[in-house]
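For reference, the chains in residue letters:
There are 2 protein chains.
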Amino acid sequence: MSLSLDDARRLDGADPLRGFRDRFVLPDGVIYLDGNSLGALPATTAARLGSAVTEEWGQGLIRSWNSHDWIGAPARVGAKIARMIGADPHEVVVADSTSVNLFKLIVAAVRRQTGRGVIVSEPGNFPTDLYVAQGASALLDGVSLRVRPADQIIEEIDADVALVMLTHVHYKTGARHDMAAITARAHEKGALILWDLSHSAGAVEVDLNAAGADLAVGCGYKYLNGGPGAPAFLFVAERLQAALQSPLTGWMGHAEPFQFGDDYRPAPGVARFLCGTPSVLALLALEVGVDLFNEASMATVSEKSQRLCSMFIDLVEDRCAGFGLQLVTPRDPAVRGSHVSFAHPDSYPIMQAMIERGVIGDFRAPDVLRCGFTPLYVGYEDVWRAVEIIHDILASGAWRDERFRTRSRVT
Amino acid sequence: MSLSLDDARRLDGADPLRGFRDRFVLPDGVIYLDGNSLGALPATTAARLGSAVTEEWGQGLIRSWNSHDWIGAPARVGAKIARMIGADPHEVVVADSTSVNLFKLIVAAVRRQTGRGVIVSEPGNFPTDLYVAQGASALLDGVSLRVRPADQIIEEIDADVALVMLTHVHYKTGARHDMAAITARAHEKGALILWDLSHSAGAVEVDLNAAGADLAVGCGYKYLNGGPGAPAFLFVAERLQAALQSPLTGWMGHAEPFQFGDDYRPAPGVARFLCGTPSVLALLALEVGVDLFNEASMATVSEKSQRLCSMFIDLVEDRCAGFGLQLVTPRDPAVRGSHVSFAHPDSYPIMQAMIERGVIGDFRAPDVLRCGFTPLYVGYEDVWRAVEIIHDILASGAWRDERFRTRSRVT
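As given, the protein sequences belong to chains A and B, one line each in that order. For the first sequence, counting from 1, position 402 maps to 1199 in our numbering; every step adds exactly one. For the second sequence, counting from 1, position 57 maps to 854 in our numbering; every step adds exactly one.
For reference, chain A alone in the conformation it holds in the complex (with noise of 0.2 Å):
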């Protein structure tokens, strides 16, 4: 028998996580379960962009680069976030988007793999991950792209492999790579590996250092609640950034770019892979999110959101059995990461009438309901009325209304 209203609701008051759904803003009636596409507004980002835009820049105008430190902010943001991803706090900058990030750690990593050309990553990742290499590799002589399904990459990496690249978590399948396995075997032989974090960081538990990892990227605007399209974050292995060359050389990556030199020096350890001049404004909204992760552990956030996740698929399969659901997401929690996905030849429909009805979730082409769990906002109740919704929009047939069938330009 599936869990009842009143277990979820024990659950909660037995959330250790709990006290941070009010440190969040969210819309009366509003089941929110795509944190992992746009994070929630935090209740102190308001305030902080106000006094950034008013006192900073207002008043404090071109003076604020020194006196509210905004020239440390790329450096300060990227450190809190390495407690978050077992990083040293040296070893991550904020800067630029995932896809700009990617590019320079592709394009460093290979060109310093001498003699070998070929980037291993699996179709289906994140499109822009594949975009990103193929615009890279389209640069570069002798380098090639190869995707192979997740269950043989391991077996791919070979003497000709200069970099494995692979997310973390699939945004899709939610299905999560063993990274410090897939990291040995990387350099067992003589490949480097870059793992996007954008759906991992701030919801499960991740920790490059440990797993050896080489260079990592990763997203502000889901778990980490930066705002819309918030500033990326790039990781650099310590032992490896007096070795790699950003291609993208702009002054703020300079050893000294106040001194407006003609030539291009760059600065030692991660700074060299910022670029240009950073979104202050954006930077500040993000560190606010950031902020928010210093009172949590990784391991009790990471342990709510399988609880959640374990409980969603054990209601849906329950509540919403015979309504052509199949779960794409792996059952076990040890290779998942935050979000479900379940395909329905109807999702996208499904998905309009759920958000119609307060329960926002995602589609993704072609055929997928994705709903994220972002522990400190989500709770066990939510994931009861949740599943509720969705039954009742299935057993109603309410999502067949053809007013579902529009197609908005972002899905």
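Careful, some of the hints might be misleading.
Same chains, same names: a pair is fine if it fits in one copy or spans any two.
[What the hints assert, rightly or not] Each computed SDA-like pair below joins lysine to any residue, with the alpha-carbon atoms no more than 25 Å apart:
#, residue 1, residue 2
1, Lys877, Arg1206
2, Lys986, Gln1056
3, Lys877, Val1207
No lab work stands behind these hints, which were simulated from the structure alone.
Guided by the hints, dock chain B onto chain A, whose structure is given.
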């Protein structure tokens, strides 16, 4: 005899742009001559960002990509900037930083120019332009950067030149290139041209299409008043859009980003030069700054800019004669931007003393005092008062105090 305070006030009284001053928030006691480094805060930005955060992000959540047209912001704000630089609306997008956009366009241009491997620029160009060109050259076989003094650029363009890359108004000297003449020469020799408008857009008249320009980039946080590190823009002439490929093949530049296919296919038009997810908050703040220009003709803006600069030069040379200031900027308004630089061996402490007295300009290594004149919020009386303060500092030797010698991280 030089201009009196009464004369300056009369000029302010007759200034058709005078009303714009109240559309900005400026600190009391400050004469802000650094809008060319970080533009001042528009009066409505705080409220706009407040509603973007509270309503669009907080309440709309992921839905706002459609319902508030976040997805359309790069093209929408780009089209607004297009009006200010003589481009068509579909020739400009807002994306990334100036540095990243330089990389995209340099690589795209050089890859199209089969058999030509030279990028021409000038020494002392804004560092990031040179650095990015160096980084791009290092990636591409047979490509090199050749720098030649401004007055030799025209003759330097020959059949080996793939791309001429220049900053329209020099960040330090304020010298302005003849865009039409250099563009024509480049085309005559089969080269493409890329203009960096960072110190032009929003201050001097620019007519990219009248000049036949191919490519351009520019900055959002200077004269466009988009906030610290605001996103940048890029221009690709319509005739070239289909032929040029961005090396940064992120998902936002894909023809169908929400199909989530594995293979990159560039969007038609300038949207192919988008890369990752843009910072929506930063974009919306920039839009406020750009919208202010809707109500001002660029001819009027440019005319006032030149008057302010000329007045500053005249007053400094009159009031501060004998204190060792040497004019760096061209005296002729036709070949000048919207800032004026004087060299002085002690320009660093002099600028610090000016800032303490509320006259905020920039020091630029090694010996330049730079003052920018932003026509929307700097008036003639401001210029008069600034020069009196500079005179006081020089005449009293107040700048010799030790405290003005401490170098900040950002200068």
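Review point. Of the numbered hints stated previously, which ones are contradicted by the structure, given in increasing order?
Key: 2
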